[in-house]
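Q: The hints should help you fit chain U onto chain Y, whose structure is shown.
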Amino acid sequence: MSTREIVSATAIVLLLVASAACAEGPGLGKRLSAADIAAWDLSILPDGGNLPPGSGTPAQGARIYAQQCIACHGESGKGGISAALIGSKPITTISGAQKTIANFWPYPTTVFDFIRRAMPWQQPKTLTDDEVYALTAYIFALNKLIADDTTMNAETLPQVRMPNRDGFIVRFPDMM
Amino acid sequence: MKTISGKRSQRQLDQLEPAAGNGLLDRRAFLRGGGAAMAAAMSGYALTAKSEPLKHDPWSLQAGSAVPAYEKRSRFEDKVARTLSNPNNEPRNSHARTPHQQLNGTVTPNGLHFVILHSGVPDIDPDKHRLVIHGLVKQPLEFSLDTLARYPMVSRMGFVECGGNSAPMFSPQPMQASVQALHGLASNAEWTGVLLSTLLEETGIDPKAKWVVAEGADSLGVSRSVPLGKALDDAMIALYQNGERLMPGNGYPMRLLLPGWEGNMNIKYLRRLKLTDQPAMTYYESKIYSQLLPGGKSYQFYFLQEVKSFITHPSFGMAMKGKGYYEISGVAYSGNGRIARVMVSADGGKSWAQAALQEPVLSKAFTRFRAPWRWDGGSAVLQSRAWDEAGNAQPLRAEFVAKRGELPAPAPILAFPNQHYNSITSWAVAANGEVSHVYA
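Protein chains in written order, with the working numbering: chain Y, 3 to 178; chain U, -14 to 425.
Next up, chain Y with everything else stripped away, as it sits in the complex (with noise of 0.2 Å):
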């Protein structure tokens, strides 16, 4: 055969494996747009890819603490019956118990997610974008990460510099 033929051979059967592959499927799955998922799509890369419209100042979002954080973080973020939200001493042992937003976390991006999608605890889900973006700013304007008028938005958030971005070694990176 030249190489052509086999090329060509090779194409066929390729074909052929494909076409009963998709034969062998149910093909069950209900197509969607990307307006039918837009609710559920909270998912947040920490190039702030998909972070929404919207915008918040640490003013704004220590208001929004007042009514709906204080009770579990405590005053000015400083913990309670759950996880204080300010602290930078410098990690000295292995116990993660030592871990905070700004000696640990890597990445801004991190924080806008969890709020969105877990708290508040008793109703999560239910701050808006604005509150959002607005309780990021108050809890990074707290650990001294921006300025006390410093907006949080869709490109300004993703620029915020935490300290330890570069604290981190891939264990299999084999595996990425």
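These are computed hints drawn from the structure, not numbers from a lab. Nothing here was measured: the structure is a model prediction, and the numbers come from that model. Using N, Cα and C, we set each Cβ at its ideal position, and we do this for glycine too. A hint or two may mislead.
[To be verified] SDA-like mimics (lysine to any residue), calculated; alpha carbons at most 20 Å apart, straight line:
#: 1; chain 1: Y; residue 1: Lys127; chain 2: U; residue 2: His103
#: 2; chain 1: Y; residue 1: Lys32; chain 2: U; residue 2: His114
#: 3; chain 1: Y; residue 1: Lys101; chain 2: U; residue 2: Pro279
#: 4; chain 1: U; residue 1: Lys193; chain 2: Y; residue 2: Lys127
[To be verified] Over 10 Å on every C-beta distance to chain Y, these chain U residues come out as not near it, computed from the model:
#: 5; residue: Gly49
#: 6; residue: Pro72
#: 7; residue: Asn73
#: 8; residue: Pro233
#: 9; residue: Ala325
#: 10; residue: Asp332
#: 11; residue: Ile398
#: 12; residue: Asn417
A: Relative to chain Y, chain U alone:
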């Protein structure tokens, strides 16, 4: 069956070959001796027990109760239960630990499978639950439980282990706690469901996709990023656990199963898989399960639950009932594949004997190991150490601590100060038969 006199069995017992120091015997005794010698070896006390005339017990003299539609275990087994960290469902996570010291074989019964949940057990109507696959795919698709039931299914045995299992072992002194308290956040079941690769064939995959971000339908929307390679390898949308639908604490009606990988990544109540070009750096991967190392850096994307074993019988809290013959047994497993070998020591690691592995030895699943032991009534330190088929050895404690560190002071037994402990566990047997936890 022929009974054996004490005299004869004693002769047989004496013929069992020592395989290592302090009374460890050759595992092949299990194979060679067949019934007689090992039956005697394993029930040493029976030979010395005083016999009494047999009589009929009450249950032999009247008919029993009605057979129930869904059977519960004997009322005499009620104390075999998980230990709970948050029985009143306060607003924090909840752990339920498997009582390894009261189980045998390799399958964890569904009611005793470990659970960690971060905001309680959701009450999901299976008819309303949906699984959505979207992002960098050619066609986003939604699947109901009914539609998934028509897809080709597979079954496999598989362990699931919390990344924080065995965290008390980071304490600088050995915590005096049971194997359940130390290692109860690992369990093993037969999982049945649809391979994720089957569903991704239908959605198609954009060549830019490298990760699959998985999310649950629980109130926190627990979410983890999984490399596409794992998703296409052996990831499963699990629907059944040991033959019945998943337990509510284990993800009913569907969970992601990533054989051999960190428990938290096996997202329960799975409702969404988004294909992306980067990991999402979620709360659980960038904070909780990124563990601190000595020197201040942290491991991220640990993924694997590495080769590990621990002895369940005897173990902390048990009392040995006189010198003589015992079976040392435990479980071994590796996220890298099959267990190749387990060695057991009765003298704190000075000498080792090879344990027998119970067939079938399955990849990324519990393997039960057993070793015959003649306890001379003196002090002993029992250890097990496993190797997997990829050649990885379970690290000795000194090796492990040198790389991964120790806490400056003991942490509360229910805390997760660090993750992915896979070094060995040592049980000390005292002359009075009590078993304690030691570092050796």
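Q: Each hint needs a verdict: does it hold in this structure or not?
A: Here is how each hint holds up against the structure:
no. : hint                    : result
1   : Lys127(Y) <-> His103(U) : 16 Å, holds
2   : Lys32(Y) <-> His114(U)  : 14 Å, holds
3   : Lys101(Y) <-> Pro279(U) : 14 Å, holds
4   : Lys193(U) <-> Lys127(Y) : 30 Å, violated
5   : Gly49                   : 46 Å, holds
6   : Pro72                   : 17 Å, holds
7   : Asn73                   : 13 Å, holds
8   : Pro233                  : 19 Å, holds
9   : Ala325                  : 20 Å, holds
10  : Asp332                  : 30 Å, holds
11  : Ile398                  : 14 Å, holds
12  : Asn417                  : 35 Å, holds
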